[in-house]
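Participant: Each chain is listed here by its residues.
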Amino acid sequence: MAEKIISKFFDIRDSHTIDVYMKHGGYKTIQKTLKKMKPAAVIDEVLKSNLRGLGGAGFPAGRKWSFIPKDSSKPKYLIVNADESEPGTFKDRYIIDHFTHGLFEGIMLAAYAIGAHQCFIYIRGEYVRQAERLVKEIEAARKRGFLGEGIFGSKYDLDIVVHRGAGAYICGEETALLESLEGKKGFPRMKPPFPAIEGVFGCPTIVNNVETIAYVPAIIERGAKWFADLGCERSGGLRLFGVSGHVNKPGVYELPVGTPLREIIYNHAGGVLNGKGLKAVIPGGSSSPILTPDEIDVNMDCDSLAEIDAMLGSAGVIVMDEDTDIVRALYVVTRFYRHESCGQCTPCREGTGWAERILKRMLDGHGRPEDIDNLFRIAGNIMGNTICPLGDAVALPLKSYITKFREDFEKRIPVDGAGASKQRDSLMLLN
Amino acid sequence: MKKIEFSKKAKKEFNTIVGRYPEKRAAMLPTLHLAEKEFGCISPEVEVYVGELLTVPAVKVREVVTFYTMFAQQPRGKYHFQICRGISCDLLGCTKIRDYLTEKLTLEVGATSPDSKFTLSEVECLGACETAPMMQVNEDYYGKLSQKSVDKIFRKLK
Ligand SMILES: Cc1cc2nc3c(=O)[nH]c(=O)nc-3n(C[C@H](O)[C@H](O)[C@H](O)COP(=O)(O)O)c2cc1C
Ligand code: SF4
Ligand code: FES
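Sequence lines, in order, name chains A and B.
Each residue of the first sequence is one higher than the one before, counting from 1 in my numbering.
Each residue of the second sequence is one higher than the one before, counting from 1 in my numbering.
Same shape as in the complex, but just chain B (with noise of 0.2 Å):
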């Protein structure tokens, strides 16, 4: 297995995230979401890093990975797409906008096209039903959509 490690820069900031918690593994979270970050995604090498740093079996840290949906155990695309699908996006058409992008970007639901430029994903709700149909971007949350919205949201960020 490849050895890895943190840049220097990310272990400075690991150490700022442990000193946070009375108890070491409950930087757990954290210490993933840096990872990921720093990694691309959790692989079985980053499970067996994280495990060293925090002092718990790696089994440990593989049972938290696969539990949350969050993390990426495999690299994804540049440009994450998640769907909403939860009942207020349901009710106002989002399967639509989901058949639209899976065609516009010839992709699955669930998979990252070949170029690496995006994943496309459904999601449960997003805490956003007032702007249903809605979706999430990497890190931003775009609303009230149609295909004139999404068309616009691919523009900018090609």
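So here's chain A without its partners, still in its complex pose (with noise of 0.2 Å):
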């Protein structure tokens, strides 16, 4: 089996104190590097380790940071996005939890190679002893000057702020993030301006994933070949993949990227709960497509999924055996993109209330002979027509689910057309 990189620490008791990290090799890298290296060099490092955003968009980590602006006045800033709120998402919970310097020396050598001597750990709201533990350890890191001015005694200084959101999915959109660590509603930005030209209080802004920055010191200390040959081709080394639903073992499974999705959820998590067969599988957080059975080879990497029209998002796994009802699942993911709309574009606020609202009918046995026609028109008017990507996020598993399982939508409508009302309402805006 390959070798672990930040699970490993998952297993070891007290990981996330200073004491324990540093007994398994913490904090060297990070004062080499202030010694030894340039932060160009860092940044070429992780640009040729082919480590790829893991929050979700799986844009090159490296490539990201080579966007600030080398000539600016304004302060940098880095941003590290704890927001996981996409539901089937839980691994960063774990990474702060257990590798919690781990992802304080990620952030020292990140915040080093984009010259920003201020971070932010934006983290979910409800995530309150997540937080409390990197208050705590960030103390712990200042006391013995790892933290503050001329850290590790270099003139580096940096220090990190954890800044808790409040119970909004939206939040961990990059700009709404911004927008909200501003002390603003969380309203997604148009872009450009990206955020590494004009960020938060409008500075050079670096937002990356928990799991991407906590990779980071692995790659520095060990090398960007040895990381990018732990993946596959375009997208190096190993990732935390979460498997929930109906499986025997659910947990964080640590693997080479482009592993098979059949061998995550046979091999690791213990096969379909109960040896039932297998109805349906998310891949990668609820706003990928669905898979059916037979799609399950796939490698789990961005670009073999996009060949298959899915995408890996946050690796969140999402296991359905033979007796889910793809209808409901459809309902209860489309009711959350639903309620986290911030509303701004009127495709996305109005078209996640219908389709919610067509699908709970459906639920309830009134299912109309043109509903199904009306959902597809209802994602594809929000495809491509929105500010931010959540638009996309509904409307991606709408056409998915019912073009792979049809047969069961078709079943949800009474074929004398008994349940349907005559009443018009407002879907006939539709046609």
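Source of the hints: derived by calculation from the structure; they are not laboratory data.
Since the structure is predicted, the reported quantities are computational estimates derived from the model, not experimental observations.
Backbone N, C-alpha and C define an ideal beta-carbon position, used for all residues, glycine too.
One thing to keep in mind: the hints can contain errors.
[To be verified] If you want the footprint, here are the derived chain A segments under chain B, 3+ residues with CB under 8 Å:
hint, segment
1, 10-20
2, 85-92
3, 237-246
The task is to assemble the complex, starting from two chains supplied on their own in separate frames and drawing on the hints.
Facilitator: Written out as structure tokens, the structure is:
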């Protein structure tokens, strides 16, 4: 079995403390880097490692860092995205709980590389215990001179601030996060300008996911080539796959990028619960299109999933057994995005509500003959017509669930039209 | 409108919070979290007070309070049960746990008991899907819920 990088700390007692982290080699890399490496060399190494953003979009981390303007006199900021709210995703919680100082060492390396002296960790409000742990360990690091003025006796200053969200999925989207951090409601911004040019407080800003940052120390310590070789062609390293739903061993599994989905479900997560058959799998958090059992030999990397019109997203695998009601599953997923839509764009705000109501009445036995077509039309009207990708995050599942499980939806429409009401409602607007 | 104010200790904490940000307004969420702890909920008086502290109009505070789900605009019960209704929890029967809790507490979802002891809410995915079905009670997570484990949690609370 392949080695583990982050998750080996999950089983070590008190691995969140400075002493245990240092006993396992922690904080050596940053000290060496501060003495021997130029910031540009750190960026170059991360670029060559093929580390791709692990928060959802899969953008190459080193490339993003290289967008920070070199000549700007403004302060630069690093933001660690710990909002972790995509249904099916829970890996960042493990990192914060057990690889706390590993995350800090990653922050130090990333901040040094981009020339930031302040880092904000934006953590979802419900992770109260995790926020407490971060604050406590930051304090411990500061006491030893690992944070604050002249870290590790160098000339480089760095501080980390923990900033708690307050219950809004949309604040995980990087520009909504910036607004939220500035003390406003979380409305996503139009891009460009991209955060690297004009981010928080109007200054150059890099936003990276917790897990992305947590892999940086290993890359700098052991080299870009080593990391790149662990993964597949265009996506280096390992990543943490979260598996939940109908499996025998739900949990976090650290595996090479590109591991086949079948292997993750059957070899690592112990197979389908109660020995049942498989109905469907969501491969990468609930925004992702759904897969049928004959599609699970796909390799779990961004490119392979894109080839079959799915996405790796946050690598949150959600398994559904043969008895799963797919109409209900789509209803629950759609209800989530309706609840979390910020309401700025009409297609997203109204479309999510329409879709939820149609699915609800299908569940209640009142489906109408035109419902399936209308669901497709709603999805089509959302796609590409919104400020942020939350719109697509509901449109893609809508299209894929209905296309791949059309019979299940058709069964919810009474043949004699008994359930159909003749009333005109707001859905007529769609025609 | 009743004038309210932070305790000495909370004021000190507020000053530390503000000091962490290059702009005062950025202290909005942490100040609201602090205010909720201090005053029990974010009433209109609290909005005005927080607005004064951060030198922003009260309406900008209201805009934030109503955007995020965590801020209580009315007092909540001593124990806030938040049952996850996300997809992984739904697949593993969270609706049964919700129904069991509504029965046990004789409370509808969204309501607070007359003795102010319990509030029952349904919430979206809490990022602990591997422990589904799960819920959050005040600040702690409880996973792999069954009727039996819910009973046990109750015995601990009372
Ligand atoms: C609706 C929405 C929600 C998102 N939620 C998260 C989140 O909770 N955590 C996260 O790291 N990224 C989230 N993202 C992705 C971020 O916008 C951003 O791409 C990411 O934080 C960049 O980090 P990375 O390049 O390291 O992945 C979300 C995106 C969208 C559109
Ligand atoms: S797509 Fe939806 S969530 Fe995103 S900005 Fe528009 S309304 Fe808000
Ligand atoms: S679905 Fe319940 S914690 Fe994620």
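Participant: Each hint needs a verdict: does it hold in this structure or not?
Facilitator: Tested hints:
1. 10-20: violated (count 0)
2. 85-92: The restraint on the segment 85-92 of chain A holds, since 7 of its residues have a Cβ under 8 Å from chain B and three suffice.
3. 237-246: Satisfied; 5 residues make the cut.
Checked against the numbered hints above, the structure violates only hint 1.
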